[in-house]
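Visitor: Heads up: the sequence lines are chains F and V, in that order.
If you read the first sequence in our numbering, its first letter stands for residue 788, the second for the next number, and so on.
If you read the second sequence in our numbering, its first letter stands for residue 21, the second for the next number, and so on.
It is possible that some hints are incorrect.
Calculated cross-link-like contacts (lysine to aspartate or glutamate; reagent style EDC-like; alpha-carbon spacing at most 20 angstroms) [claimed, not checked]: (1) F/Lys873 to V/Asp123; (2) F/Lys976 to V/Asp122; (3) F/Lys873 to V/Asp122.
If you only want the chain V side, here are some residues facing chain F, beta carbon under 8 angstroms, derived [what the hints assert, rightly or not]: (4) Ile48; (5) Cys58; (6) Ala66; (7) Val102; (8) Arg128.
Coverage of chain F stretches by chain V, computed from C-beta distances (three or more under 8 angstroms per stretch; other residues unrestricted) [as the list claims (entries may be wrong)]: (9) 811–820; (10) 843–849; (11) 882–888; (12) 1070–1084; (13) 1089–1098; (14) 1120–1132.
Hints listed in this document are in silico derivations from the structure and should not be mistaken for laboratory results.
Backbone N, C-alpha and C define an ideal beta-carbon position, used for all residues, glycine too.
If you want the building blocks of each chain, they are given just below.
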Amino acid sequence: MPSILFYLFAALMVAGGMMVVLMRNPVSSALSMVLSFIGLAGLFIGLNAYFVGILQILVYAGAIMVLFIFIIMLMDVKIEEKGSLKPAAVAAGVAIPLILLMQLMGVLSSIENSPSAPEINHVAALAQTNDDGSLTYKEGTMINKRLKAERLPDTHLIGYKLFTDYNFPLQVIAVLLLVATVGCVTLSKKSTPKAVNKKQITQQKRIPKVAIAPPEKTKEEHKKEAPSEQSKIAKTKEANLPESQKPTEEAKAPQTKPSDTTNEANGNRGMIYAERPDDADDLKIISGIGPVIEKKLNGFGIYTYKQVADWSEENITEFDGLLSFKGRINRDDWLTQAAELYAQKSA
Amino acid sequence: MFEILPSLNEYLFASGLLFAIGLAGVIIRRNIIVIFMCLEMMLAAASLTLVAFSRFNMVGGLPDYDGQMLVFFIITVAAAEVAVGLAIIVSLYRARQTVNTDDLTSLRG
Chain F
788 MPSILFYLFA ALMVAGGMMV VLMRNPVSSA LSMVLSFIGL AGLFIGLNAY FVGILQILVY
848 AGAIMVLFIF IIMLMDVKIE EKGSLKPAAV AAGVAIPLIL LMQLMGVLSS IENSPSAPEI
908 NHVAALAQTN DDGSLTYKEG TMINKRLKAE RLPDTHLIGY KLFTDYNFPL QVIAVLLLVA
968 TVGCVTLSKK STPKAVNKKQ ITQQKRIPKV AIAPPEKTKE EHKKEAPSEQ SKIAKTKEAN
1028 LPESQKPTEE AKAPQTKPSD TTNEANGNRG MIYAERPDDA DDLKIISGIG PVIEKKLNGF
1088 GIYTYKQVAD WSEENITEFD GLLSFKGRIN RDDWLTQAAE LYAQKSA
Chain V
21 MFEILPSLNE YLFASGLLFA IGLAGVIIRR NIIVIFMCLE MMLAAASLTL VAFSRFNMVG
81 GLPDYDGQML VFFIITVAAA EVAVGLAIIV SLYRARQTVN TDDLTSLRG
């Protein structure tokens, strides 16, 4: 391979690799990776490994990267914010590879007169014999014909190797692929929620719930939130309070007792806390709720198992929308889980 | 420069560079999908070393195809690994709604 092509493809490969690390959008990272692998495939082809080069493009740049991009799109991954990186991680991430590279350079520079690639010797290849003295690449085979024509039968040689010396590993790999397929199906299968008494629970909880939020505060909040509820909710801690459907009326309505803030006034969010209560539960224990969702729920004023267990169907619809996923609350059966946890807690 | 063919050293250095970049990505990035891509890059860098050695070590006038067989198997295993790994990431995302490694601290003691 003429040096100019080597440098071109090597530069493409390294630049693509750098972009994978530096791009903050995962889709850009994935596409830069395709670029990097095309450069790598160019290097393979320059090394007379035509089959491996094509395989690199087909499998990596084709299949694997499409899979990556598919998953990224499926998950709706957001662009990483600036400053989300830890300085320690960045320092380590620069220092450790640099040390590695310096070591490599030390070793490589100690080698003098590093050779260029030797010429392929077709005559010597044709003359290769097995242990019993017969020709390795027999007369009349494709490998033999190509070698006589002074060409490198790369794919044929790989096939020859694969089905002679590497027959057993090939079959092991086949089993591995089968296992991987089964594993993928098992992993991506949705776990079916146990349909225990879901109906009963939701029916019970139809009764309007009493809000625990202190009434004086509620009134204040309603007034405050009246102009632009949504932004306030995002900004302030008091946002735990309900997003009211008719803010002006709500604000005017005198609220004397805690029980005044009922289901409807809460905009279908059921019972909520204005601030973190002392007996706040670890919602993460409910399967389907992680740290992120717990934080969101706390933001909406949900802190205890009891609150979750008491959700009505409207509440579920409301939170489905607020947490921007459809059907998850029912699918993972949060209500039953929360009810069980609440029973355990109070027992 | 135009006549001289690249030497083995140059290939090894290019491969080491790609490996180092992949390693840096694994350490620095927080998005688990990008980390996974960087891992793939490190595997590919190892493949380049194998192919280079295969070409420079002639056996009977031909490149040493044992090296390329290993690359063939690496690519196969990597494809299986990506499929399983991405399935794990998807189920992780379903359970936790995040792919940021900083938010995945359930195993922290």
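Visitor: Compare the structure with each hint and give your call.
Guide: Here is how each hint holds up against the structure:
The suggested pairing of F/Lys873 with V/Asp123 holds, with an alpha-carbon distance near 13 angstroms, which does not exceed 20 angstroms. Annotation: proposed proximity of F/Lys976 to V/Asp122 is violated, straight-line Cα distance about 26 angstroms (limit 20 angstroms). For the proposed pair F/Lys873 and V/Asp122, the alpha carbon gap of about 10 angstroms is at most 20 angstroms, so the pair holds. A cut of 8 angstroms between beta carbons decides the hint on V/Ile48: the least distance to chain F is about 4 angstroms, and the hint holds.
The interface hint given for V/Cys58 is met, as the beta carbon of that residue sits about 6 angstroms from the closest beta carbon of chain F, less than 8 angstroms. Interface restraint check: V/Ala66 against chain F, minimum CB-CB distance 11 angstroms, threshold 8 angstroms, status violated. For V/Val102, the interface hint holds, the least distance from its beta-carbon to any beta-carbon of chain F being 5 angstroms, beneath 8 angstroms. Here the hint on V/Arg128 is broken, as its CB sits about 11 angstroms from the closest CB of chain F, past 8 angstroms.
Here's how the segment 811–820 of chain F fares: 4 of its residues keep a CB closer than 8 angstroms to some CB of chain V, so the rule of at least three is met and the hint holds. Figure legend: the segment 843–849 of chain F, annotated as covered by chain V; annotation consistent (3 residues with Cβ-Cβ distances under 8 angstroms, at least 3 required). Coverage of a stretch by a chain is defined here by at least three residues with a beta carbon nearer than 8 angstroms to that chain's beta carbons; for the segment 882–888 of chain F and chain V the count is 5, and the condition holds. Here's how the segment 1070–1084 of chain F fares: 6 of its residues keep a CB closer than 8 angstroms to some CB of chain V, so the rule of at least three is met and the hint holds.
Counting residues of the segment 1089–1098 of chain F whose CB lies closer than 8 angstroms to any CB of chain V gives 0, so the stated coverage by that chain is violated, three being the minimum. Figure legend: the segment 1120–1132 of chain F, annotated as covered by chain V; annotation inconsistent (0 residues with Cβ-Cβ distances under 8 angstroms, at least 3 required).
Checked against the numbered hints listed earlier, the structure breaks hints 2, 6, 8, 13 and 14; every other hint is satisfied.
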